[in-house]
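> First to last, the sequence lines map onto chains V and R.
For reference, each letter of the first sequence is one residue, going 1 to 73 in our numbering.
For reference, each letter of the second sequence is one residue, going 1 to 623 in our numbering.
Calculated directly from the structure, the hints in this document are not laboratory data.
Errors might be hidden in some of the hints.
Ranges between beta-carbon positions, derived for each pair [what the hints assert, rightly or not]:
{"#": "1", "chain 1": "V", "residue 1": "C2", "chain 2": "R", "residue 2": "K468", "range": "14 to 20 Å"}
{"#": "2", "chain 1": "V", "residue 1": "C2", "chain 2": "R", "residue 2": "I299", "range": "23 to 29 Å"}
{"#": "3", "chain 1": "V", "residue 1": "S13", "chain 2": "R", "residue 2": "S267", "range": "26 to 32 Å"}
All of these numbers come straight from a predicted model, not from anything done at the bench.
Each residue gets a CB set at the ideal place from its N, CA and C atoms; glycine is no exception.
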Amino acid sequence: MCLSEVKKGQRVSIVAISDANIRTQFIRFGISEGSLIKCLEKIPFGPLMILHHRQEIAVGQEVAKNILVNGEC
Amino acid sequence: MLTMKAHDNRHSHGPHSEQRLTQGSKKIVLVGNPNVGKSVFFGYLTGIYTDVSNYPGTTVEIARGNWREHTILDTPGIYGVSSFNDEEMVARDIILDADIILNIVDSTHLERDLFLTQQLIDMGKPVVVALNFFDEVEKSGISIDVNLLHELLGVDVIPTTAIAQKGVDQVSRALLETRPGRQNPELHSRLHQMLATVGSQAEALMILEGDTYVAERHGVLALDERDDIYIDRRNRVNDILQHVVCDNRPESSFRHLLGRAVVNPISGVPILFAVLYAMYKIIGVWVAGDIVGITEETIMQGRYEPWIRSVVSGTVSPESVIGQILIGDFGLLTMTITYLLGLLLPLVLGFYLILAILEDSGYLPRLATLVDRLMTTVGLNGRAVIPIILGFGCVQLGTITTRLLATNREKSIATVLLNFAIPCSAQIGVIAGMLAALGGKMMALYIAIIFTVLAVAGTILNKTIPGKSSALLIDLPPMRLPRIENVARKTLTRSFFFMREAYPWFFLGSFIVALLQVSGGLTVWQKLLTPLTEGWLQIPKEAATAFVMGLVRRDFGAAGLTELAMSPMQVVTSLIVITLFVPCIASLMILFKERGSREALMVWAGSWVAAFMVGGIFSQIMI
Numbered sequence: 001m002c003l004s005e006v007k008k009g010q011r012v013s014i015v016a017i018s019d020a021n022i023r024t025q026f027i028r029f030g031i032s033e034g035s036l037i038k039c040l041e042k043i044p045f046g047p048l049m050i051l052h053h054r055q056e057i058a059v060g061q062e063v064a065k066n067i068l069v070n071g072e073c
Numbered sequence: 001m002l003t004m005k006a007h008d009n010r011h012s013h014g015p016h017s018e019q020r021l022t023q024g025s026k027k028i029v030l031v032g033n034p035n036v037g038k039s040v041f042f043g044y045l046t047g048i049y050t051d052v053s054n055y056p057g058t059t060v061e062i063a064r065g066n067w068r069e070h071t072i073l074d075t076p077g078i079y080g081v082s083s084f085n086d087e088e089m090v091a092r093d094i095i096l097d098a099d100i101i102l103n104i105v106d107s108t109h110l111e112r113d114l115f116l117t118q119q120l121i122d123m124g125k126p127v128v129v130a131l132n133f134f135d136e137v138e139k140s141g142i143s144i145d146v147n148l149l150h151e152l153l154g155v156d157v158i159p160t161t162a163i164a165q166k167g168v169d170q171v172s173r174a175l176l177e178t179r180p181g182r183q184n185p186e187l188h189s190r191l192h193q194m195l196a197t198v199g200s201q202a203e204a205l206m207i208l209e210g211d212t213y214v215a216e217r218h219g220v221l222a223l224d225e226r227d228d229i230y231i232d233r234r235n236r237v238n239d240i241l242q243h244v245v246c247d248n249r250p251e252s253s254f255r256h257l258l259g260r261a262v263v264n265p266i267s268g269v270p271i272l273f274a275v276l277y278a279m280y281k282i283i284g285v286w287v288a289g290d291i292v293g294i295t296e297e298t299i300m301q302g303r304y305e306p307w308i309r310s311v312v313s314g315t316v317s318p319e320s321v322i323g324q325i326l327i328g329d330f331g332l333l334t335m336t337i338t339y340l341l342g343l344l345l346p347l348v349l350g351f352y353l354i355l356a357i358l359e360d361s362g363y364l365p366r367l368a369t370l371v372d373r374l375m376t377t378v379g380l381n382g383r384a385v386i387p388i389i390l391g392f393g394c395v396q397l398g399t400i401t402t403r404l405l406a407t408n409r410e411k412s413i414a415t416v417l418l419n420f421a422i423p424c425s426a427q428i429g430v431i432a433g434m435l436a437a438l439g440g441k442m443m444a445l446y447i448a449i450i451f452t453v454l455a456v457a458g459t460i461l462n463k464t465i466p467g468k469s470s471a472l473l474i475d476l477p478p479m480r481l482p483r484i485e486n487v488a489r490k491t492l493t494r495s496f497f498f499m500r501e502a503y504p505w506f507f508l509g510s511f512i513v514a515l516l517q518v519s520g521g522l523t524v525w526q527k528l529l530t531p532l533t534e535g536w537l538q539i540p541k542e543a544a545t546a547f548v549m550g551l552v553r554r555d556f557g558a559a560g561l562t563e564l565a566m567s568p569m570q571v572v573t574s575l576i577v578i579t580l581f582v583p584c585i586a587s588l589m590i591l592f593k594e595r596g597s598r599e600a601l602m603v604w605a606g607s608w609v610a611a612f613m614v615g616g617i618f619s620q621i622m623i
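With the rest of the complex left out, here is chain V (with noise of 0.2 Å):
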């Protein structure tokens, strides 16, 4: 599923990002494919908030839906 799909308080780890830019931008904070991450907070159809170890992030919608994630791990 979609990183914009994820639930409050699910872990997911991520799957591909599609996008190129946005691949770059989120190795730069330490997530690639195969990182674990947190959905702490969402905001109704708008940006989730996520952790990745220590780090909150926020990602907006168009962002999410760029990122594949696997579900319950």
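Position chain R against the provided structure of chain V, taking the given hints into account.
Just chain R, lined up with the frame of chain V:
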């Protein structure tokens, strides 16, 4: 997988690896992620004599100063060296040109920041790493093995708390004795071939990482190894972190809870309203009322203006053309100076103070997250909340801050909204006063109409301006209590640079208005507007005077309305018109400078139309 061992190849680089800087001036460049305290280091090294200028061809500001015989250059905060946006391109070019790099990292955020550090090391530049905010690390229960980090990176690593001046002496000592760090050995061999072609390791790396701009300069094609290189680098950094950082912090603390509460709409929206209310109390009531009352009325109009009038009228007759331009109602030495120092300066200081507090506390990026959804309907993303907030202070302040938006499309939309429908603080004071006298219903009506105009204008712009706006992707630094020194420093430097940028436009604007007044142009204009006011808007014709004044200063415009006898609906009509009406002449000048003449003229002409159209329709329905 890379193996990281404590012993390294630092000494195998040969005699060139240690660069003594005993002679010759070097370019030392400060590099770091956003908000890691670069400016504090910059201030410490260069003192107060710094020169800030736009990087050629961009609106990105670069600070330059001197330390001993060396030049210190600051760069915009970046997460990596490449060409995603203006800031990165500017930083990239300065870094490519650097002799020595002082890389400042947030020790509480090593995962994020060391990626840039490793990239700088991979570029082959001599680097000194300052582990800033080290006091927070010590307090928080993370431990960082600084010696091991130094060995693994192969460069000097110094724990600092720059704001308390801790460790900064060691940093400046280390800068005199820098060395390139340990590069990824695999990457090193890949670089080899490109190095032979372009002659610089840093530029070779950029080309390997697919930087088309750098490739073009060397007449070669950019390679597409970015993903590979980045992932390798990421793994290397993760490996280093595993060895160096031991994190014993409890999972959930007050900070984290607060950090989430401000983003969650259920708690976040009430918190936002509380913040806005506090801002209104501080800026709207205290600064715009009490402080400006002293600075503008008591000091400037009460003391300064009579003094300058008496000085000037000694040599120039106040009735002459020159006399009127210098010390008349719109005089360059009277109204302009009063406005700049008595009204604008306190407001700008107040707004930048609030901004610095919101920024340093970590609230601002969370606010951007909270309002992101709302902003996307008008083609902006959450970050645009910053220029919009500043726009309530002064439209010029907001317009200049649109620079931080990623695409030109977003800059245009934000600028138009600011200049159209956001009343500046000077105006808000007068408007709020007039509406308060009419009661809550009228105030709600006014707010609803202005909001509708904002939403409609934004939606239309979003539909008509071609291209795509960028989506939100920002890191959320931990919530922390802002440091007074840092907040004060940011507030003062930003206010200084803003005032320096804005004052010539004020003088030019006032000069134009003074000329209009002297030549009788103002009266003509006033007469031209009468059919619009009495016929279409159904308000007294004297309101035309207020609109003309609104061209000069928006609060003059609003203040001019207070003296007219009008029914409540007439008041609301005239306030709608004056809010949507053209930006003041100083803002217009900044608009021209930032957005070019075509866009500026469109905004200016558009706000005439919008103001009278919306006001007129309202009046035709309600009166």
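> Hint by hint, say whether it matches the structure.
Results for each hint:
Between V/C2 and R/K468 the beta carbons are some 19 Å apart, a value that agrees with the proposed interval 14 to 20 Å. Judged by the Cβ atoms, the range 23 to 29 Å given for V/C2 and R/I299 is violated: they are separated by roughly 60 Å. At about 29 Å, the beta-carbon gap between V/S13 and R/S267 stays in the expected band of 26 to 32 Å.
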